[in-house]
Amino acid sequence: MEGADHPSVVYPNAIGRSIRDHLSMSPDASRMTLVFDVVSGLSYMHQFDVAHGSLNPESVLIAHDERAVITDTHSPNPQAARYSAPELVADEGVRSKAADIWALACLIYEVISGNVPFCQIATEFRVAGAVATGSKPLRPGKGVNGNDISDAIWQVLLMCWEFRPEDRHKCIAVQQIFRSMVSEDNRPPSTLDIPSGAFTGFHFNIEEMKSRLTQILGSEDLPSLRVPEHLRKVVASFLPDTARLKATVAAAKKLDPRNLQIFVDFLDLMLDDLTDPFGDPTSIMLSTIMVSTHVIPRCYKLDSIQYDSTPIFKGTDAVAYKARGLNLRINHVTDSWTVKAILKQLTRWRHTSHPNIIPFYGVFHEGAIQSPRLYVVTPLYSKGCLEDYASTLPQESRFPLISDVVAGMVYYWNRDQGISYYNKTEIMISDEGRAVIASFNSVYLYATDPLSSAHQARFEAPGPDTSADGSRYMLMDNLLKILSRKEPYYQYTGASDISSAISRGELPRRPDHSDDIDEIDDRAWGLIMRCCKPESTDRPTAVEVQEMIASWKVDDSRPEGENSLGGEFLTMRSASDVDFRHVEMLIGRIQMELLRDPLSELLRSHIKEIATTATELKREDVSMLVDFLDLARLRSLSPAGLSVDIRGAKSYLGIVGKNHIDYAYLPSTLRDQGYQIRPKANGRRRLWTRAPRN
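All the letters of the sequence shown, read from the start, carry residue numbers 1 to 694 under full-length UniProt numbering.
I should point out that these hints are in silico values taken from the structure, not numbers from a laboratory. Here the structure is a predicted model, which means the values were calculated and not measured. Some hints could be false.
DMTMM-like mimics (lysine to aspartate or glutamate), calculated; alpha carbons at most 20 Å apart, straight line [claimed, not checked]:
#1 K486 with D388
#2 K344 with D272
#3 K170 with D577
#4 K533 with D522
#5 K246 with D280
#6 K136 with D151
#7 K170 with D185
#8 K383 with E396
#9 K383 with D273
#10 K97 with E58
#11 K533 with D579
#12 K170 with D522
#13 K340 with E366
With these hints in hand, go ahead and build the complete structure from the sequences.
Set out below in structure tokens:
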């Protein structure tokens with residue numbers, strides 16, 4: 001403070017140049033990461049119902065760590081029309097989040113293409129006229145020059161340039177799409193360093209202030225967390241043990257369909273804030289709700305996807321179709337048990353990204369609302385399964401595929417998860433020739449015939465193994481089959497003979513050298529023998545398996561695997577625009593339901609004690625108690641002793657004491673209807689009656 005009339009504001013130091021000037025001076029800068037910075041910042045503002053109102057290249061600055069930060073210059077923008085939504089140009093609207101989305105798309109257009117929007121139009125007056133009539137900026141290569149804008153990004157921009165504000169993408173949906181497009185960010189983490197000397201003369205506790213601000217604003221890492229901290233803490237209180245978790249799920253299921261959808265969207269948003277949602281109680285709660293209600297987060301769903309009517313595959317649990325114009329497989333899940341199995345693992349699948357695991361693209365429903373049919377979208381693996389594909393390759397070319405499988409399984413092993421490998425369709429081959437594991441029960445989408453007991457016995461690990469130990473044993477049995485085209489224990493035919501051999505510690509037999517293409521070298525055979533040890537403690541760890549295969553230094557000239565979505569497919573994802581104020585209200589309802597049973601028991605057993613205690617409470621506390629009980633009554637959670645009709649109001653008299661209640665202690669819902677407490681003629685008792693209206 002330099003004076004009472006001249007306060008100074010301290011804020012992070014920016015380079016002082018706009019994003020437009022920065023790209024002009026540094027044309028090789030990563031434009032996609034800068035775009036994602038802006039999208040993330042605006043998404044954060046919109047989550048708190050704050051609209052910027054004047055987003056343009058001059059209101060986005062570049063900080064010292066080369067990150068784009070949103071500010072408000074409050075200075076006139078000579079190119080305002082080029083970043084204004086139609087409703088603003090026509091003076092029919094005020095600044096809004098929908099108008100921000102239009103401006104955001106214009107900013108993205110300039111950052112990527114290098115052109116200002118409507119660069120082919122010279123005057124701002126004519127630009128305003130074009131915008132007001134619904135015109136959109138021209139795509140580079142379609143009448144204007146500039147850097148190319150990919151199909152995927154262009155589709156997103158078009159969704160943000162919808163003429164009607166309500167038809168535009170939500171910012172959180174744009175953020176989700178660009179998050180999948182930004183593959184790598186090598187910039188150091190953003191920090192805010194304030195030297196201790198800067199606070200000379202001030203006497204306050206920095207850590208205490210930081211703690212209090214965190215309580216108000218949420219996590220100190222504000223841009224990365226999308227759910228306010230106080231809501232996270234409330235949800236965490238629902239999940240201390242299995243009983244509490246089950247009770248919370250039961251309470252949530254009592255919400256109406258619209259509110260249950262909002263709550264499910266919120267839970268999935270919470271998982272987005274976690275680096276690893278495997279095993280998190282929130283994930284378990286979301287999965288449980290999905291299995292029992294079939295309500296799926298909206299961001300999992302795909303819109304407007306079309307497919308051919310002729311099946312390309314018919315299995316025991318699913319029928320598959322080819323998507324029109326896209327290299328995708330549309331899997332109609334036909335078995336009711338399999339539907340539940342898929343839904344149970346859908347949350348984990350959605351939050352998993354690994355080049356050697358089949359990616360989750362989305363789901364959609366068709367059919368009647370009462371009994372909708374579930375469709376799961378996956379890549380179309382035209383090369384088939386690993387077992388069939390590997391048999392056509394020379395021995396050395398099979399090792400990179402084995403390395404793929406180990407890499408995918410290590411991902412699970414590191415999370416103490418295991419994967420079964422009984423069916424050859426559990427590992428498919430991508431278009432790039434890489435092995436991908438069909439996990440999270442997606443294997444049912446590819447299953448053909450039921451497996452024989454003898455086949456399953458060949459891959460069962462001996463002893464009481466954990467899932468991770470058992471999957472390592474199973475992996476090596478399949479490694480043997482991939483390299484030799486012979487199943488483990490091929491010398492036995494019956495399930496009982498195979499199980500007996502495994503029980504007595506017999507290891508798989510090394511196949512004869514009948515064909516050079518199938519000869520297993522000593523390195524691979526040594527690994528197989530180590531992983532097939534009868535005792536799980538004698539088998540190598542996941543890291544050791546990976547290191548052994550890496551030490552073979554197998555040549556791998558295949559192209560990189562690609563799991564990201566492309567083109568117009570990205571715009572088919574539904575958006576989950578979560579209203580945190582509404583979520584807070586829903587959480588309050590769930591808390592009320594959780595209190596139902598203990599409150600009922602309390603009123604049944606201790607009504608006199610409650611009445612006595614209530615007379616000793618402060619006036620405002622009694623009012624709060626009465627309102628709470630009335631809220632329970634109105635939400636059909638009526639505790640014992642409370643009626644749901646107006647006559648039940650007499651029960652409140654019993655709770656707060658006949659001689660200590662007055663008009664202030666009426667439930668607010670009844671006061672709003674004109675009720676008040678009035679004495680009878682003898683003055684000895686008071687009743688709920690309708691107050692006379694003027």
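Those earlier numbered hints the structure runs against, lowest number first: 7, 9, 11 and 12
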